[in-house]
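If you're matching them up, the sequences are chains A and R in order.
One rule links them: number in the numbering used here = place in the first sequence (from 1) + 40.
One rule links them: number in the numbering used here = place in the second sequence (from 1) + 98.
Using C-beta positions, here's what the derived DEER-type ranges look like:
| hint | chain 1 | residue 1 | chain 2 | residue 2 | range |
| --- | --- | --- | --- | --- | --- |
| 1 | R | 228 | A | 142 | 48 to 56 Å |
| 2 | R | 289 | A | 238 | 38 to 46 Å |
| 3 | A | 207 | R | 243 | 45 to 53 Å |
| 4 | R | 419 | A | 412 | 57 to 65 Å |
| 5 | R | 266 | A | 412 | 53 to 61 Å |
| 6 | A | 338 | R | 267 | 29 to 37 Å |
One side of the interface only, derived from the structure: several residues of chain A facing chain R at Cβ under 7 Å:
| hint | residue |
| --- | --- |
| 7 | 138 |
| 8 | 166 |
| 9 | 313 |
| 10 | 454 |
If you're looking for bench data, these hints aren't it; they were derived computationally from the structure.
Every residue gets a Cβ at the ideal spot worked out from N, C-alpha and C, and that includes glycine.
What follows is each chain in one-letter form.
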Amino acid sequence: MKKVKSPVCPCSFNSRRTVRAIGMAGLLAVMIVGCGRAPSRTGDTAFQPLNPDSAVFWDRQTTESAELLRSLVDDFNKGWKGLPVKVERAGSYTDIFRKVTAGINAGVLPAMAVSYESMTSEYITLGAVRNLDSLVTSAETGLSAEELNDFFPGVLETNRFPEYGNSYYSFPFAKSILMLYFNKKVLAEAGITSPPETWEEFLTQCRQVKQRTGKFAHAVQADCSTLNGMIFSMGGEVVQGRRTLYNSEQALAVFKLYKTLAREELAYLIAPGTYEDNVALAKDSIAFVLRTSSALADMKLLMEGDLERWGVKRIPQKDPAQPSTVLYGPNVCLFNIGDEQVKASWAFVKHFTTPEVSVRWALETGYMPVRKSALQHPDMLAFWEEWPYNREPYDCLPIAKPEPNIAGWQQVRDFAARAVTEIMTGIYDAETAARILKESADQALARAANF
Amino acid sequence: MPSRANAVVRLISGVFRLPDTLLGALDDLLDALRRRGWGDAPAALLLLCPGLLILTAFILVPMGSTFYMSLFGGRHGMGSFVGAGNYLDALGSHDFRQSLLVTVYYVLGVIPASMILSFLVAFGLYRIRVFRGLLRSFYFLPYVTSAVAAAMVWRSLFNPQSGVVNVLLGYLGAEPQQWLLEPRGVLYLLSDGMVPAAWGPSLALTCIILFDVWHGCGFMIVVFLAGLSAIPRELEEAARIDGAEGWRMLRHVTLPLLSPTIFFLLVVGVIKAFQAFNSFYALTQGGSMADRQNLILYIYAQFYQYGYWGYAAAVAVLLMLAIVALTLVQWRVLERRVHYL
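This is chain A alone, in the form it adopts within the complex (with noise of 0.2 Å):
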């Protein structure tokens, strides 16, 4: 049968590879047009404000206390004369996150947004934060030296960033202490009567929850924080410099602990990003939980106002004559927008440090207030009346202990929650499990200095 000719185009390209070579060329050519040079930035860079008419605060606080954060900028913007600032919640601190570094490379940010150390320390490489030292000691609006005494010194050091010079890029706004919350009704069918002081009691009293009602005594949330606070309360530090220390003595001992918890059956790993563990606590199923002091609201209301059943102290020591925890929760970063931007937004958060806001704060949300003098607060003191465990992690304030801002650190954060899940799920044994983490979180702080 004779081949059906098709039409043909009487241009000069008749041959099929010249016509495919050329359709090549031009796809090339049109792929390379989108390749544009993304901004890099380094160093102090100004940025263009999200909104020019206010000084947007990016935040994460839902319900109750993004109310009263309103409520408290409102109070503020009525004595403020300059541009008012505006609350938006920007979804979670990984959500915050991300929308910073996005504006960062689209040159437009808002005024402020609470930050982790570990994400502040990402936005000074990109040049995005202003260095707060000027404004901190400025005569004018900086605080004086018996102000800046007043607030509590972990709180404020976690701010300052020895790897830039140690200056100020963010300021104290949202923090919280490890704490340990206990369950009276198992711990009573236990036949325990007063929750542990050291690990080793935990242990054992872990040990006979399991043995005499069956139950499993802890919920683990595999998370880096909890870690770091055991580690430190073990009497270990996690970080020297750019290298960890997930393989020294204090870290093997946590890790050995998680280990026994899971080969001895007495807690069970509950899901990333749930709170399994407040509602198994609630439900009278397990005897021990590992949360921040911000769970305390939450924990009320699960508990149904019921305050007979339960309770919350510091975590377990290896020493308790040299106790601590780990202090956690965001601070505020101000962003290079443009000095009225900056101006707003430093009196904002010099406003929001005052001792009867922070009280007032403290109160309403479970947060820890920055300042020494809040303790003495009338407000404060009732609260403490009302339920003996009020005051529990207010006590705890001058052991907490800030956690690594260093460059790099969260993907070290993962590498930690990785570990501990890999103990409780049988995968490694402690050894193991330190010296991989140690091994990959040094990579990784190493590879973030060399970007």
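Here the structure of chain A is known, so what remains is to put chain R in place on it, guided by the hints.
Same frame as chain A, now just chain R:
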């Protein structure tokens, strides 16, 4: 005044006739080109233009940007030029290789299971006479359900403490499992520890595979049903007269005639499986465990969480090359076995 009104009417009607006039002019131009021997090529090119523009703006330009970005270092932006450095870093990275392995396990788990299950269900639906429409809708339901919403339900089903699956296992006298939190290999668990824990997909990954088989089967069933309905009855009857029945009919008549459908589902399914994100993210909460982090989640973490834009772009390019290569291999190897009617 009347002349001014007339002018306005003429202007308005002229505006309304403008598209007609332009299309007429275009038609004349294309006719003229055709008469000069250009054939239908100019008209075809004109019709392709809108599609090409969209493809260029939303596919080719971003692809070019990604490739360009992959040649630079830096965090949360583009630093210095590193050439192929990011590619070499990725190929040397244990986490990248682990994510690739997870992706391969996932593809090898989801595609055969989905296709076999979907074909069996579609074949059953094709054969039955009653409730066919109802059952077809029933099987299609998971596909139209939001993956994130369905994943929430699956997470509660697989909850190690309170999930229904462990409760049922308890009734059967079996040990409760950690399901979505279990990083040990499913082979290790089934063999009671005889196979190393790191071999094969983890139980968590297997749960994700099961979820996606359940979620994706609806689409494949509908496509298989369309393929089965398109097989000419005469061919089946002719085969039946020649003595073909049951398995022989299926093996030598139905499956060969269904091969274009199978080929289409295989190609599309493999591409989709390599790009899976929703189920992984929703079931694991974006967790960082290596045993359930496929390449897309790995890219996501490197880009958004750790800020290695260039590196993430390089991994994205490698993934795209892998998908293109695999699709071409499928095309070359399998298309020969496809029987088009």
